[in-house]
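There are 2 protein chains.
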Amino acid sequence: MKIADIGEQGLLEKLQRFCPSEIVGDDAAVLETVPNTSLVVTTDVLIDGVHFSDRTTSAEDAGWRAAAANLSDLAAMGASPVGITVGLGLRGDVSVTWVEDLYRGLTQCLQTHNTPIVGGDIVRSPVISIAITAFGRVRKSQTIYRNRARVGDAIVVTGIHGAASAGLELLLDPQKGENLTESERAALIEAHQRPQPRLDVLPILWDILNSQDSEFASARVAGMDSSDGLADAIFQICRASNVGAVIERNRIILHPAMKKLLGKAAQIESALYGGEDFQLVLCLPKEPAVKLVQILDTNAAIIGTITADSTVLLTDETGEFKEKLLSLKQSFQHF
Amino acid sequence: MKIADIGEQGLLEKLQRFCPSEIVGDDAAVLETVPNTSLVVTTDVLIDGVHFSDRTTSAEDAGWRAAAANLSDLAAMGASPVGITVGLGLRGDVSVTWVEDLYRGLTQCLQTHNTPIVGGDIVRSPVISIAITAFGRVRKSQTIYRNRARVGDAIVVTGIHGAASAGLELLLDPQKGENLTESERAALIEAHQRPQPRLDVLPILWDILNSQDSEFASARVAGMDSSDGLADAIFQICRASNVGAVIERNRIILHPAMKKLLGKAAQIESALYGGEDFQLVLCLPKEPAVKLVQILDTNAAIIGTITADSTVLLTDETGEFKEKLLSLKQSFQHF
Numbered sequence: 038m039k040i041a042d043i044g045e046q047g048l049l050e051k052l053q054r055f056c057p058s059e060i061v062g063d064d065a066a067v068l069e070t071v072p073n074t075s076l077v078v079t080t081d082v083l084i085d086g087v088h089f090s091d092r093t094t095s096a097e098d099a100g101w102r103a104a105a106a107n108l109s110d111l112a113a114m115g116a117s118p119v120g121i122t123v124g125l126g127l128r129g130d131v132s133v134t135w136v137e138d139l140y141r142g143l144t145q146c147l148q149t150h151n152t153p154i155v156g157g158d159i160v161r162s163p164v165i166s167i168a169i170t171a172f173g174r175v176r177k178s179q180t181i182y183r184n185r186a187r188v189g190d191a192i193v194v195t196g197i198h199g200a201a202s203a204g205l206e207l208l209l210d211p212q213k214g215e216n217l218t219e220s221e222r223a224a225l226i227e228a229h230q231r232p233q234p235r236l237d238v239l240p241i242l243w244d245i246l247n248s249q250d251s252e253f254a255s256a257r258v259a260g261m262d263s264s265d266g267l268a269d270a271i272f273q274i275c276r277a278s279n280v281g282a283v284i285e286r287n288r289i290i291l292h293p294a295m296k297k298l299l300g301k302a303a304q305i306e307s308a309l310y311g312g313e314d315f316q317l318v319l320c321l322p323k324e325p326a327v328k329l330v331q332i333l334d335t336n337a338a339i340i341g342t343i344t345a346d347s348t349v350l351l352t353d354e355t356g357e358f359k360e361k362l363l364s365l366k367q368s369f370q371h372f
Numbered sequence: 038m039k040i041a042d043i044g045e046q047g048l049l050e051k052l053q054r055f056c057p058s059e060i061v062g063d064d065a066a067v068l069e070t071v072p073n074t075s076l077v078v079t080t081d082v083l084i085d086g087v088h089f090s091d092r093t094t095s096a097e098d099a100g101w102r103a104a105a106a107n108l109s110d111l112a113a114m115g116a117s118p119v120g121i122t123v124g125l126g127l128r129g130d131v132s133v134t135w136v137e138d139l140y141r142g143l144t145q146c147l148q149t150h151n152t153p154i155v156g157g158d159i160v161r162s163p164v165i166s167i168a169i170t171a172f173g174r175v176r177k178s179q180t181i182y183r184n185r186a187r188v189g190d191a192i193v194v195t196g197i198h199g200a201a202s203a204g205l206e207l208l209l210d211p212q213k214g215e216n217l218t219e220s221e222r223a224a225l226i227e228a229h230q231r232p233q234p235r236l237d238v239l240p241i242l243w244d245i246l247n248s249q250d251s252e253f254a255s256a257r258v259a260g261m262d263s264s265d266g267l268a269d270a271i272f273q274i275c276r277a278s279n280v281g282a283v284i285e286r287n288r289i290i291l292h293p294a295m296k297k298l299l300g301k302a303a304q305i306e307s308a309l310y311g312g313e314d315f316q317l318v319l320c321l322p323k324e325p326a327v328k329l330v331q332i333l334d335t336n337a338a339i340i341g342t343i344t345a346d347s348t349v350l351l352t353d354e355t356g357e358f359k360e361k362l363l364s365l366k367q368s369f370q371h372f
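Listed in order, the protein sequences are those of chains H and V.
For the first sequence, this note's numbering begins at 38 and goes up steadily by one.
For the second sequence, this note's numbering begins at 38 and goes up steadily by one.
Just so you know, these hints were derived from the structure itself, not from any lab.
As the structure is a computational prediction, the values presented were derived from the model and not from experiment.
Treat each hint with caution, since some may be false.
Since the list gives no way to pick one copy over another, a pair counts as held whenever it fits inside one copy or between any two copies.
Okay, derived cross-link-like pairs now, EDC-like style, lysine to aspartate or glutamate, Cα gap no bigger than 20 Å in a straight line [as the list claims (entries may be wrong)]:
no., residue 1, residue 2
1, K51, D130
2, K177, E59
3, K301, E219
4, K39, E69
5, K301, E357
6, K361, D237
7, K359, E306
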């Protein structure tokens, strides 16, 4: 059954069950606000053939990834999600099942974080496009900005980098994974198809920093997510904060299966520039940083230090690789 | 100069001047909230060749219309705009000027209503797409829902219907306007290219309904905007409120130039089904309705009454046309 067969009204009726009926249905959604919080807003557009493709991404996975990317942007600001809107451009010959699967993937990810779809628009388009806007709320004192990093801060990553891009590679060229076990292959592919926005880090972070008897009370955090790559996140934070960084390559945690896929140098390139791991990159004083990494899972790590330089230096404490200045040129560019 | 020539960063730098620098630049925008107000969210997607086209719409006009449509949805909920996000899908061969013109049109409309662009996303796409999400705030007691119309309510329209679709017709087929004066032609085309969201109606409405010494204090209002056509708005309100309506065709205000373009029956069809006039359709008790129409400009009118039926009846007090039941079938469908 194609969308053109059931029309806009028919499609909307099918999608209604993914949205809370008390919110959706008017010209706009009305949502409660909470005193002493700010509204946080982020938006992402995904295009068929550019950001997802039938070859590597089912409709359900495309939905999950779209939701995860936006929730990750909220997490990067320290915000809790409140809701998302979904703007879809669809060809008339797209199957109704495809759209339902997309919504199923969206809501699977959103439900983990108690986040409703509160509105949307569905229009005819020669190319499938998915525009998500997510909004959240954050206490003013807990807002995480990029421009708050200070010299001496520890640079924390909340998990593995490089796995998502390795997963995509395996989907595009399955032969590359012939040395992997089935569970290794599945883990890397899941990192690509089902990334987890790190909203779980926030209560742990604020528990460390803001608990009344905390020795770190009112410590400042700078940060962003690593959606465009770990190197990009470090550069953006450094640029906004007018500082530099030293990153120790052996501290960047890779997925164990990466060793079977890539040489040592290529593994680090993939971790730095692969993108879409959706981890948080946080800069904060060393003591709370150590505590944060202890409480988070074993893949969290302090990977470096903020410096007074204007460069990002990659070091190797084993001496195997020469020190080198990182460059943003390898990062993902949309055009 | 094409977008592909200057890349994503180059384009973002050019567009930065349309956005307040203190808000844009992090993973998400942070906006103040106001106590005792609800957050109102609406989203629209526009596709090149479907919703706008070089043939009828300059980039500047496309921007204006996109902003106006979303602000109109906020007005329809009784909400004041707080900000919008803009998600753009662009081909690499689109000129930088086109994108700047689009943003110029967006901000021209937004500035009239003190509304900033607070975020966005720009991605590569084989088809130009514009996804706007608008945020507003509304006092809980002043939220306008569709489902609050009651039997006996007067149905108010805040202005002319049919002019926007006539303007589009003139752009598609200029010969149709050969009997029009230059100013008539310009007025109809402007109705299409530069629609005005009726945010100006709200303070007048609440002044009548909520002023302390008002005889109408706490009167209820139902309503929506007429973006998908006047008939569609009446149907949606009736359906949500579980009521019917009688509309008197001679009370629907048309642009004077319409008489030179269309026969009498076709004029009303155009007013009912043309769409994109972005007026408000409000249902409220008769006395405050009369007062509202008096204060609004001369094109506002009471066009009918809410009834206990489940139908929308079009009457003619002159007796020239037979009564007829309206149908939604003629309304705009996206697929």
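Hint check:
Taking identical chains as interchangeable, the C-alpha atoms of K51 and D130 lie at most 20 Å apart only when both belong to the same chain, with a minimum of 17 Å there against 37 Å between chains. When the C-alpha separation of K177 and E59 is checked against a cutoff of 20 Å, the pair qualifies only between copies, where the shortest distance is 15 Å, while the shortest distance within a copy is 29 Å. Taking the shortest alpha-carbon separations for K301 and E219, neither the intra-copy value of 22 Å nor the inter-copy value of 72 Å comes in at or below 20 Å. For the identical chains of this complex, K39 and E69 are neighbours neither inside a copy (37 Å) nor across copies (43 Å), given an alpha-carbon limit of 20 Å.
Proximity of K301 to E357 under the C-alpha cut-off of 20 Å is restricted to the intra-copy arrangement: shortest distance 10 Å within a copy versus 86 Å between copies. Within a single copy, K361 and D237 get their C-alpha atoms no closer than 34 Å, and across copies no closer than 59 Å, so neither meets the 20 Å cut-off. In the homo-oligomer, the alpha carbons of K359 and E306 lie at most 20 Å apart inside one protomer (14 Å), although the nearest pairing across protomers, at 76 Å, exceeds that limit.
Going down the numbered hints, you'll see the structure goes against 3, 4 and 6, while the others check out.
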